Every structure is written in structure tokens, then in C-alpha cells.
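*Asks:* With chain A's structure known, arrange chain B on it following the hints.
Residue numbers (this note's numbering), protein chains in the order written: chain A, 17 to 450; chain B, 17 to 450.
For the record, the hints were derived by calculation from the structure and aren't laboratory data. Just so we're clear, the structure is a prediction, and the values are computed from it rather than from any experiment. It is possible that some hints are incorrect.
Straight-line alpha carbon distances no greater than 25 angstroms define the calculated SDA-like cross-link-like pairs of lysine to any residue that follow [stated by the list, open to error]:
| # | chain 1 | residue 1 | chain 2 | residue 2 |
| --- | --- | --- | --- | --- |
| 1 | B | K356 | A | R292 |
| 2 | B | K356 | A | S222 |
| 3 | A | K356 | B | G270 |
| 4 | A | K356 | B | E278 |
| 5 | B | K340 | A | R225 |
| 6 | B | K340 | A | S222 |
| 7 | A | K340 | B | A305 |
| 8 | A | K356 | B | A305 |
| 9 | B | K356 | A | T296 |
| 10 | A | K356 | B | F220 |
| 11 | A | K356 | B | A306 |
| 12 | A | K356 | B | A310 |
| 13 | B | K340 | B | R37 |
| 14 | B | K356 | A | S314 |
| 15 | A | K340 | B | S222 |
| 16 | A | K356 | B | A404 |
| 17 | B | K356 | A | D298 |
| 18 | A | K340 | B | F220 |
Just some of the chain A residues that point at chain B, by a computed CB distance under 7 angstroms [to be verified]:
| # | residue |
| --- | --- |
| 19 | T30 |
| 20 | D33 |
| 21 | A38 |
| 22 | T139 |
| 23 | G210 |
| 24 | A212 |
| 25 | S269 |
| 26 | G270 |
| 27 | V274 |
| 28 | L286 |
| 29 | T289 |
| 30 | E354 |
| 31 | T447 |
| 32 | Y449 |
Ideal Cβ positions, reconstructed from N, Cα and C, are used throughout, including at glycine.
Protein chains: 2
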Amino acid sequence: MTSTALRTDRYELTMIDAALRAGTHDTPSVFELFARRLPDGRRYGVVAGTGRLLDAIAEFRFGPEELAWLRREHVVSPEALDWLEAYRFTGTIRGYREGELYFPGSPLLVVEAGFAEGVVLETLALSVLNYDSAVASAAARMVAAAVGRPLAEMGSRRTGEHSAVAAARAAYIAGFGASSNLEAGRRWGVPTMGTAAHAFTLLFDSEERAFEAQVASLGAGTTLLVDTYDIRRGVANAVRAAGTGLGAVRIDSGDLGVVVREVRAQLDELGATGTRITVTNDLDEHAIAALASAPVDSYGVGTSLVTGSGAPAAGMVYKLVARKDAATGWVSVGKSSEGKATVGGRKQPIRALRGGVAVAEDIHVEDPPVEALGPDAGRALHVPLVTAGTLDERWLGSAGVAAAREHHAAAIAELPADALRLSRGEPAIPTRYL
Amino acid sequence: MTSTALRTDRYELTMIDAALRAGTHDTPSVFELFARRLPDGRRYGVVAGTGRLLDAIAEFRFGPEELAWLRREHVVSPEALDWLEAYRFTGTIRGYREGELYFPGSPLLVVEAGFAEGVVLETLALSVLNYDSAVASAAARMVAAAVGRPLAEMGSRRTGEHSAVAAARAAYIAGFGASSNLEAGRRWGVPTMGTAAHAFTLLFDSEERAFEAQVASLGAGTTLLVDTYDIRRGVANAVRAAGTGLGAVRIDSGDLGVVVREVRAQLDELGATGTRITVTNDLDEHAIAALASAPVDSYGVGTSLVTGSGAPAAGMVYKLVARKDAATGWVSVGKSSEGKATVGGRKQPIRALRGGVAVAEDIHVEDPPVEALGPDAGRALHVPLVTAGTLDERWLGSAGVAAAREHHAAAIAELPADALRLSRGEPAIPTRYL
Numbered sequence: 017m018t019s020t021a022l023r024t025d026r027y028e029l030t031m032i033d034a035a036l037r038a039g040t041h042d043t044p045s046v047f048e049l050f051a052r053r054l055p056d057g058r059r060y061g062v063v064a065g066t067g068r069l070l071d072a073i074a075e076f077r078f079g080p081e082e083l084a085w086l087r088r089e090h091v092v093s094p095e096a097l098d099w100l101e102a103y104r105f106t107g108t109i110r111g112y113r114e115g116e117l118y119f120p121g122s123p124l125l126v127v128e129a130g131f132a133e134g135v136v137l138e139t140l141a142l143s144v145l146n147y148d149s150a151v152a153s154a155a156a157r158m159v160a161a162a163v164g165r166p167l168a169e170m171g172s173r174r175t176g177e178h179s180a181v182a183a184a185r186a187a188y189i190a191g192f193g194a195s196s197n198l199e200a201g202r203r204w205g206v207p208t209m210g211t212a213a214h215a216f217t218l219l220f221d222s223e224e225r226a227f228e229a230q231v232a233s234l235g236a237g238t239t240l241l242v243d244t245y246d247i248r249r250g251v252a253n254a255v256r257a258a259g260t261g262l263g264a265v266r267i268d269s270g271d272l273g274v275v276v277r278e279v280r281a282q283l284d285e286l287g288a289t290g291t292r293i294t295v296t297n298d299l300d301e302h303a304i305a306a307l308a309s310a311p312v313d314s315y316g317v318g319t320s321l322v323t324g325s326g327a328p329a330a331g332m333v334y335k336l337v338a339r340k341d342a343a344t345g346w347v348s349v350g351k352s353s354e355g356k357a358t359v360g361g362r363k364q365p366i367r368a369l370r371g372g373v374a375v376a377e378d379i380h381v382e383d384p385p386v387e388a389l390g391p392d393a394g395r396a397l398h399v400p401l402v403t404a405g406t407l408d409e410r411w412l413g414s415a416g417v418a419a420a421r422e423h424h425a426a427a428i429a430e431l432p433a434d435a436l437r438l439s440r441g442e443p444a445i446p447t448r449y450l
Numbered sequence: 017m018t019s020t021a022l023r024t025d026r027y028e029l030t031m032i033d034a035a036l037r038a039g040t041h042d043t044p045s046v047f048e049l050f051a052r053r054l055p056d057g058r059r060y061g062v063v064a065g066t067g068r069l070l071d072a073i074a075e076f077r078f079g080p081e082e083l084a085w086l087r088r089e090h091v092v093s094p095e096a097l098d099w100l101e102a103y104r105f106t107g108t109i110r111g112y113r114e115g116e117l118y119f120p121g122s123p124l125l126v127v128e129a130g131f132a133e134g135v136v137l138e139t140l141a142l143s144v145l146n147y148d149s150a151v152a153s154a155a156a157r158m159v160a161a162a163v164g165r166p167l168a169e170m171g172s173r174r175t176g177e178h179s180a181v182a183a184a185r186a187a188y189i190a191g192f193g194a195s196s197n198l199e200a201g202r203r204w205g206v207p208t209m210g211t212a213a214h215a216f217t218l219l220f221d222s223e224e225r226a227f228e229a230q231v232a233s234l235g236a237g238t239t240l241l242v243d244t245y246d247i248r249r250g251v252a253n254a255v256r257a258a259g260t261g262l263g264a265v266r267i268d269s270g271d272l273g274v275v276v277r278e279v280r281a282q283l284d285e286l287g288a289t290g291t292r293i294t295v296t297n298d299l300d301e302h303a304i305a306a307l308a309s310a311p312v313d314s315y316g317v318g319t320s321l322v323t324g325s326g327a328p329a330a331g332m333v334y335k336l337v338a339r340k341d342a343a344t345g346w347v348s349v350g351k352s353s354e355g356k357a358t359v360g361g362r363k364q365p366i367r368a369l370r371g372g373v374a375v376a377e378d379i380h381v382e383d384p385p386v387e388a389l390g391p392d393a394g395r396a397l398h399v400p401l402v403t404a405g406t407l408d409e410r411w412l413g414s415a416g417v418a419a420a421r422e423h424h425a426a427a428i429a430e431l432p433a434d435a436l437r438l439s440r441g442e443p444a445i446p447t448r449y450l
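The shape of chain A in the complex, shown without the other chains (with noise of 0.2 angstroms):
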């Protein structure tokens, strides 16, 4: 178990510092987890990475390492280190439910802790939610443009090496069927797939030679790349070597919307009308779209969906939303800055449905109790994610992502029909404030 504590900015650690000297560390204190706009004229964004989140405040501990490099470093006084030494996250975080859709304003997370104890939390909450939620909104749009064609990610060589984990399970959850990378197929239950790349074509003397050796050992339900030198003679290769039940053949280049009709007539004269086709050129929702009337069978998606199609980080920050005073209570808390103001106090938010469609993100401030809300109020979007210190077995694991999955897809279904559309607009639904 390596531990998580220094993915932390420092200032998480002079600020607890400073408030130890000053005595203000253990005020019982409430933030918030939420983004003040949706990226890029987007409809609606997907919440992901909760389960990996709660993976790392498991391993958020100052062990020894951590604790003899701040030392060395000077980073925090000799009090401070102790605090630090002592860290067990013992708050409550309640929050959407990983999967779940989003809008401008929405309450991602409340975590109710002391200051110190909450606020260290914010650099690897934000790294986390950030990420995996610019992922998963990208992945969703790419789901709806695919309209019930399977989608694989395949952008693990277009992200950093961990977070290429993370995007492939942030896909999954969004209804990406399947991803190349083996370690979120391992971690997370991530079905993986993949054949072969040109190099194993130019590994051979001829393609046709290295088809044979693909479907000797993969079996003629393969995919073959069929585009490293003349598809037109790729495809006759690849049936020659793999027989009329050949699998599919993946294209990687050219114009896909031309290509992928001429190769379509060529399988189908050739007798191979089971073989399927899949395509993987800089594929993003646009040209996922305008590829709706060929006859593509599926997608492979890299770069874009693991840089979250324009929109690379989600703009989720944490901010202190109340703190309770000694003397006269609990005091809702915000910043005013210019363009920057934060609305304070407690929130429970609720997705306003009528007939079964989401109408309006109502986030209740000051916490009412949900069933003083009444029955019709809507669906109430918190769940107890840590309880006391205690992680929610539920949301982590694959068993996690499972749910995740299977959540996404029951809140897609709330939206109202033009929610799905891709172009630049307004939020699906506003955000009221009650």
C-alpha cells in the first residue's frame, strides 16, 4: 500500500499549520465539492472516480517517509508532524453517486469534518474527481452520438500511465463497452480487448503471412488490421487468411465515412457478410456522429476521450461552505471574489422529475432533512459514501464500477430527448437554488 498523503498541494499542510497555532484546527467544519459551470457549452457532466477517491483516503496516512521528508524540508512545525503522523480521515463525506449525471452547481461531495481533517483532503478529492469525471462526460456524449454501437477506449498511450487506468474505467462507467488497457481489465473489471498493431504486419515478409499468423493463434474470429499497406488488398488478404467467418477488420486511416462503405461491399462480394468492422482514426463524438449511416459496427476512441474532448479537467474545485462558531452555531461560509462567489451552507440537492424526466437540479441549502421534503419533491442524489471514518463498501471495488455503470445509464434515461444532442448549448436542466 503506497501511501497517497504528499498528492497533496502544500499549502493543504501549511494552512493546518497555521490553524493549529492558532487553535482552529478541530473546528467542526463542511466542504464542498462542485463545478461552478459545465465545460464548453456542454449539456450535462458524468461524475467519476468516487470509488478510486475512496481507495486513496484508505491510503491517505504520513508514514514514516512522508513524515522524515517534511521534516528535512521544513515544510510544517515539529506540532504540525505529529497532527499529521496521528491523520485518520474520522468525518462523513456524503456525495453523488459515482455515474451520476451533473450540472452547474450540483454538491458532488459534502465532507463534514474538523477544518484540519477536511481541508487536507482537497489537492487528491479535486486531482481524482477532476480527471475521471472529464473523462467519463466526454465518454457519455461519444455513447449517445454511437446510438447502440459498441464503443472500446483505446487512449491509453494518450494519458499519463496511471491515469490511463482511470480513464478506462471512467469510460466503462459512462457505457464504454470494453478498453485495451489490461490493468483497468485487472482493477477494475474493465472488459479488455485488442488484436494486433501494424508492427505485427511489418514483423512478416508479406501481410498475408502475418495474417495467417494472426489467426493461427487468435482463431479466425480475430480482428485484422487491414490498412497498413492498400486496404483494398488488406481486406482480400485478410479473408484469404481468415476464411468467410473472419471476425472483423479494423481500419485505421483514410477518409472513414468512403472507406468504410467501399470495404463493407468488398467483405459482402467476397462472401465475409458476418465480418464486422471497426474503426479507430482520431475518432471523437463529431465524427462518431457523422459516421451514423455507414455501416461501422463499432468504435475504437483514443486521444479524445482520455483528454476529455476539449475539455481536459472538469473545473471541480473544494471550498469551506460552513463552519460552526462556539458561540452562536453553525455559520454558513463563502468567498466573494469577483467571478469566483461561492454560495454557502449546507446543500441537499435533488433531481426534480415529471413523468419520469429530470426537470431541474433543486439544491436545498441548509439541509433539510430529505423527507421533509415530501415524496415529490424528486430523487434525492446524496448517498452515504464515508460514514464516521468508515468507508461505503458499495462503491468500491469492480463491484463499485458495476453499480456506477448501471446507474449512469438509469440517469441518462431521466433526461429530456435534446439533452443527448452534441451541439453547444445550455444546461439540460437549471439549477435552482431553494
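*Replies:* Just chain B now, with coordinates in the frame of chain A:
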């Protein structure tokens, strides 16, 4: 030590399986890692990640857990599992030094090994170099825009929690002076910085009380964040709390060009003439350039830096360029796919210089020895990274990062003056295949 072996696309392993079956897995092969083009009208790119990649190669082992999962999932045959179990990279890698500049086609890594031994590193090598180089390339532009003023990397919260550490490292190599990320300090020797967030101010009954608490803990030389409520009152409170010896104020909102001048005037009026001003509000290289005439003392950059400022992946690829045929010797290979053709053959890159100024990226194909090119050909760009499986220690750890930072500064100094312009343009020097 965590194995990095499954941070790999499935198809790398299925290719190995098929090559083993065909008896071609040990074919002596040359793979090349390069970028076909620079993103987005950029004039140069910056190589980063090399030292991290070498570490990851050292940890690239299929241990019992990895093998058990591959077996259970039937990813490859039992013969391939045996081969993977014995895997150690025993080949040779030479390449561009970390921190070096690159241009379209620059052969950044040349990997010589048996086919299977070399192909299996593809995903990992690309993940590391594509992300780290994207950040370093953006960082270098910001450094140019800041014309000597110091820059700090503060984007940990806007990228995956592991990528955050890599980003801090890459930015430092490209000339940033510090990072907020503690793990980057511990792991790579990057200087760390940071004092307090808005939450700290909101924790107290008044801004002045918060500033007093921060100064009590961090000293008057600290940086106070003055825009939680009203900047003018914030500056007054800051100087009241810390005295005229206050180290710096930080401004994180508003129209910085205007605000910074007002704050400078106010600080000077109050006698805090030595107090510096640091700004951190959604900066990128263009915003930094726009502040050139404003009295800013330093910049903190987050989102745009860690997401590559519009180019979040460097677009590098990893291709088989030569293989040894038992009968005919070395054969150059390359796919001819539309728009993605590859120049085959082992390559020797030289930066041609005239009077110390770079004039071309000369790529000698078929790899003549450097000596044969004569002393006037320019600066040879390849250094040994791995020799017969042994890592070159010079590029590892904090010492490797420091060397890369130094080398980067020297390489930038060779560029023609207009190469540092931020506007979209052609590569600063042409790539010539010789």
C-alpha cells in the same frame, strides 16, 4: 515496487503470443518513438518523461499476480505466459536527452531488441512521453512568455493524481521554478511552494484574524491571499497583519491587468514597497504575455499547464522501422497508410547549427556512425539510455531531473530568436532526411 507491466494495451500481448507461435518473436527489431507533427501551430516541442520511463522499464515485470490474472482471463496462451514470466528488457535504447527540443519526425527513442521484447514497451513508453512532453512543451512557452519572472506549477488538482506529480516534474524541467505538489518535491527534488487558500480566511471571523494567524505560523515573509472578500480591504488587512515586510500578496480573481496595478500602488502607498505580487487566475501563456507590462512579480499556473495548454497529448507514436531478415539482413519497414506513412530505417539525428544557432533537424537514415558525419554536422542528439538492459544512471532520479532542466535551458538558447513567439507558425527549424 509495483509492477508496471499491465499498464499496457492488450494487443501488445496478443501480438507476442502470435509471434511466438509463428517463431518470429525474437526477430531483431528497431522501434522508433517520434511525433509526426507538432500540435497546434507550435514551433518546437520539449521531450519529458524519459527518466520516469526508465524507472518504469526497470519495474516492467510480469509477477505472480499479473500472470494469474492473464491466465484467468485467457489473454494469451500458456507458452506466452512463460515468456512473459521470464521477461526482462535486455535490449538497447538510445534517444533524445530529457529536456531536449524536438521537431516533426525527430527520432526521440530508438529501441533495439527482439520484436516481442521491444513491442511490449509501446504503450508504457507512449503514455509517459506523450503526457510529460505535452506539459513540458506548454511550460516552455509559458516560461518564454514570462520573460524572466518566476513561474510556479499549481495544477495538481486539474489532472489525475499521479499525472500531477509528472506534470510538476515536467514543468520544472522546462524552466518553472517550483510546484505546489509535495510528492514531486519528495520524489524528484522539485522545489515546493504554497501558503494558504480561501478556506483558511473563511475559517476565521475576519480576514485580518486569518492573516494574523498565518503570519504567526509562517512569518511575515509569507504570501497572503487577498481576494477572498474585497481586494483593497484585503491588501490593507495584509499589511496591517504582517507589516511592511510582508513577503507577497496573491491575487486569484478579477481583471489582473487592472487589479495588479491598483494593488502595487496601494502596497507602495502603505510602505510595503518590497512586497511582491503573485497572480494565479486561470493563466496560460497568452495571459502571461498580456501581463508583461503589469507589475507582476511571479505567476502560478494550473489547469492550462497540466493539460498541455490546448494540446493535452503530444501525439507521439511508436513504430517498427527495421527488422533483421535471416537471409537478407536488415530491412527497413514502414506502413504506407493514408496520412500516416512512416519513414523506415534506423536513424541518427543531428541538430545542425550555424554560429551556435539551430538551423535544421538533420535525420540521417540508415544510421551512419556520428564520427562519419564530421565535426561540422552539428550536435548529435542521441545519448545512451539503456545499454544491453542496463539503465544509464545519469538520467534517473532528482539528479536526472536537474540535468534535464539544465540541458533544456541550453537547447532553448540555441533556437533562432523568433522560435519563442507564441503565435501559430511552422516548426522553428526544418526537418531534413539525409
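*Asks:* Run every hint past the structure and note whether it holds.
*Replies:* Hint-by-hint comparison with the structure:
With a CA separation close to 23 angstroms, the supplied pair K356 (chain B) and R292 (chain A) stays within the 25 angstroms bound. Distance check on the hinted pair: K356 (chain B) and S222 (chain A) sit about 19 angstroms apart at the alpha-carbon level, within 25 angstroms; holds. A threshold of 25 angstroms between alpha carbons decides the hint, and for K356 (chain A) with G270 (chain B) the separation of about 9 angstroms falls inside it, so the pair holds. About 20 angstroms separates the Cα atoms of K356 (chain A) and E278 (chain B), which keeps this hinted pair within 25 angstroms; it holds.
For a cut-off of 25 angstroms, the pair hint linking K340 (chain B) to R225 (chain A) stands: about 17 angstroms separates their Cα positions. Note on K340 (chain B) and S222 (chain A): the hinted pairing holds, with a Cα-Cα distance of about 15 angstroms set against a maximum of 25 angstroms. Among the hinted pairs, K340 (chain A) with A305 (chain B) is inconsistent with the structure: their alpha-carbon atoms are about 43 angstroms apart, more than 25 angstroms. Proximity of K356 (chain A) to A305 (chain B) is assessed by CA-CA distance (about 23 angstroms); at most 25 angstroms being required, the pair is judged to hold.
Between K356 (chain B) and T296 (chain A) the alpha-carbon distance is near 13 angstroms, which keeps this suggested pair within the 25 angstroms criterion. Taking the CA atoms of K356 (chain A) and F220 (chain B), the gap is about 20 angstroms. The hint holds against a cut of 25 angstroms. Annotation: proposed proximity of K356 (chain A) to A306 (chain B) holds, straight-line Cα distance about 21 angstroms (limit 25 angstroms). A threshold of 25 angstroms between alpha carbons decides the hint, and for K356 (chain A) with A310 (chain B) the separation of about 23 angstroms falls inside it, so the pair holds.
Taking the CA atoms of K340 (chain B) and R37 (chain B), the gap is about 18 angstroms. The hint holds against a cut of 25 angstroms. At roughly 22 angstroms between alpha-carbon atoms, K356 (chain B) and S314 (chain A) fall within 25 angstroms of each other, so this suggested pair holds. Between the alpha carbons of K340 (chain A) and S222 (chain B) the distance comes to roughly 15 angstroms, so the proposed pair stays at or under 25 angstroms and holds. As the CA atoms of K356 (chain A) and A404 (chain B) are separated by approximately 55 angstroms, the hinted pair breaks the 25 angstroms bound.
The suggested pairing of K356 (chain B) with D298 (chain A) holds, with an alpha-carbon distance near 12 angstroms, which does not exceed 25 angstroms. Between the alpha carbons of K340 (chain A) and F220 (chain B) the distance comes to roughly 11 angstroms, so the proposed pair stays at or under 25 angstroms and holds. The restraint placing T30 (chain A) at the interface with chain B holds, with a minimum CB-CB distance near 5 angstroms, inside the 7 angstroms limit. For D33 (chain A), the shortest C-beta to C-beta distance to chain B is roughly 5 angstroms, which falls under 7 angstroms, so the interface hint holds.
Interface hint at A38 (chain A): satisfied, since its Cβ lies 4 angstroms from the closest Cβ of chain B, which is below the 7 angstroms cut-off. Taking 7 angstroms as the C-beta contact cut-off toward chain B, the hint placing T139 (chain A) at the interface holds, the least distance being around 5 angstroms. A least Cβ separation of about 3 angstroms between G210 (chain A) and chain B falls short of the 7 angstroms threshold, and the interface hint therefore holds. Here the hint on A212 (chain A) is kept, as its CB sits about 5 angstroms from the closest CB of chain B, short of 7 angstroms.
For S269 (chain A), the interface hint holds, since its Cβ comes within 7 angstroms of a Cβ in chain B; the closest pair sits about 4 angstroms apart. This hint holds: G270 (chain A) has a C-beta 4 angstroms from the nearest C-beta of chain B, less than the 7 angstroms allowed. A distance limit of 7 angstroms between C-beta atoms decides the matter here; for V274 (chain A) the minimum to chain B is near 11 angstroms, and the interface restraint is violated. Given the 7 angstroms rule on beta carbons, the hint for L286 (chain A) is violated: about 21 angstroms separates it from the nearest Cβ of chain B.
Hint status for T289 (chain A): violated, given a least beta-carbon distance of 26 angstroms to chain B, over 7 angstroms. Interface restraint check: E354 (chain A) against chain B, minimum CB-CB distance 4 angstroms, threshold 7 angstroms, status holds. Restraint check, T447 (chain A) versus chain B: the minimum CB separation of about 21 angstroms is more than 7 angstroms; hint violated. Taking 7 angstroms as the C-beta contact cut-off toward chain B, the hint placing Y449 (chain A) at the interface is violated, the least distance being around 19 angstroms.
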